[in-house]
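Number of protein chains: 2
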Amino acid sequence: MTDEFSSTLLEGAVRELSRLPGVGRKTALRLALHLLRRDEADAVALGEAIIEMRRGITYCSVCHNISETELCPICASPARDSSTVCVVENVRDVMSFENTGQFTGLYHVLGGVISPMDGVGPDSLEIDSLVARVVEGGIREVILALGATMEGDTTNFYIFRKLAQFPDVKVTQLARGVAVGNEIEYTDELTLGRSLLQRTPFTDSFSR
Amino acid sequence: MTDEFSSTLLEGAVRELSRLPGVGRKTALRLALHLLRRDEADAVALGEAIIEMRRGITYCSVCHNISETELCPICASPARDSSTVCVVENVRDVMSFENTGQFTGLYHVLGGVISPMDGVGPDSLEIDSLVARVVEGGIREVILALGATMEGDTTNFYIFRKLAQFPDVKVTQLARGVAVGNEIEYTDELTLGRSLLQRTPFTDSFSR
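Protein sequences appear in the order of chains E and P. Take 1 as the starting number for the first sequence in my numbering and just add one per residue. Take 1001 as the starting number for the second sequence in my numbering and just add one per residue.
In case anyone wonders, no lab produced these hints; they're calculated from the structure. Heads up, the beta-carbon is just placed ideally off N, CA and C, and yes, glycines get one too. Hints should not be assumed to be uniformly reliable.
[Unchecked claim] Non-contacting residues of chain P with respect to chain E, defined by C-beta distances greater than 10 Å in every case (computed): (1) 1082; (2) 1083; (3) 1117; (4) 1154; (5) 1164; (6) 1191.
[To be verified] Covered by chain P, per the in silico footprint, the following chain E stretches (three or more residues, Cβ under 8 Å): (7) 51-62; (8) 68-74.
Pulled out of the complex, with its shape left as it was, chain E reads as follows (with noise of 0.2 Å):
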């Protein structure tokens, strides 16, 4: 469907819209009319916000998370447990981990994992930026934090691999079990059969 805009600025905006992803033509359309139906101030609001957060937000040049200084908060902060660092995907999943309160150290964001369908190899992470950070020294503990797919397994692997150079440096994943919430029967062979391979010594949850 080619839409004959009369007006060129709702065109502008449609055609910036379409350009998110999952929003096509049709919901672009619909966006920016809503947009033209709301108060200016809101849209403008919208408008900026876009604007001031990507022209404010740069990478952390330790972790690679996102940050509005050069050293992100996480990075910056005494508080933090700067000899273990945790490895992950991308930002959403330093915010997951964050969202827990059980993490006290820093993160080491790849970019992604390596998946050679996808044309992403090691070179496109930030893989040697870690190693730099494990040679700068400092790091007791890496802990590789990656989802539990082929490519997330294939990357953890690969950094393993990398880190087996520096001995005093412990390398280790989450656990892979039973999703708390999940029943027995809806859980997938692989997962439980590991679940029940790396069985844990037994502890009342309840009474903590």
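Fit chain P to the given chain E structure using the hints.
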């Protein structure tokens, strides 16, 4: 879920994006992070396109279609047949009819249809201004082109009654090629074009 964002700029952009219809907080975050990965110029272009569109677009003083000038290009065009007015629900419907290439007259955008359930009465729509256009003279035909829904039919009938006081003005409606229950914007151009060509004198479908 309450995400703790390390960046107030990201927080601001996510808050504004999540006010768009159909965009939740998760989607807003995905869009924001996508914009962070894109070139700065792209994100700025999106923000500016939204602001410029909202600031530059107003509504035509005659037909209430969106316009960058007081009189929209359609109303201002000497090539259009000003004796025929097509009454539509919204701005998207104008685009739909323009895309058929079958209509050379003018439009009148109601801004909705009568829907007591949603608190939309005749007074919230541009019906009085339509009657005023007819009173001004020069209009020989009013085409009722609202969706083939209960609300569309009700509104068609309401306008038909209002225009009954002008015996010189022919009131027509779209041929019922439009599938009952369908909205104008989702009807294919062929059906829409044919329904326009085969428009019939208005009949009260309720009393039959």
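How the hints compare with the structure:
1. 1082: 17 Å, holds
2. 1083: 21 Å, holds
3. 1117: Residue 1117 of chain P clear of chain E: closest Cβ-Cβ about 20 Å, beyond 10 Å.
4. 1154: 23 Å, holds
5. 1164: Nearest chain E Cβ is 32 Å from residue 1164 of chain P, so the label holds.
6. 1191: Per Cβ check, residue 1191 of chain P is outside 10 Å of chain E; nearest 14 Å; holds.
7. 51-62: holds (count 7)
8. 68-74: holds (count 4)
Checked against the numbered hints given earlier, the structure satisfies every one of them.
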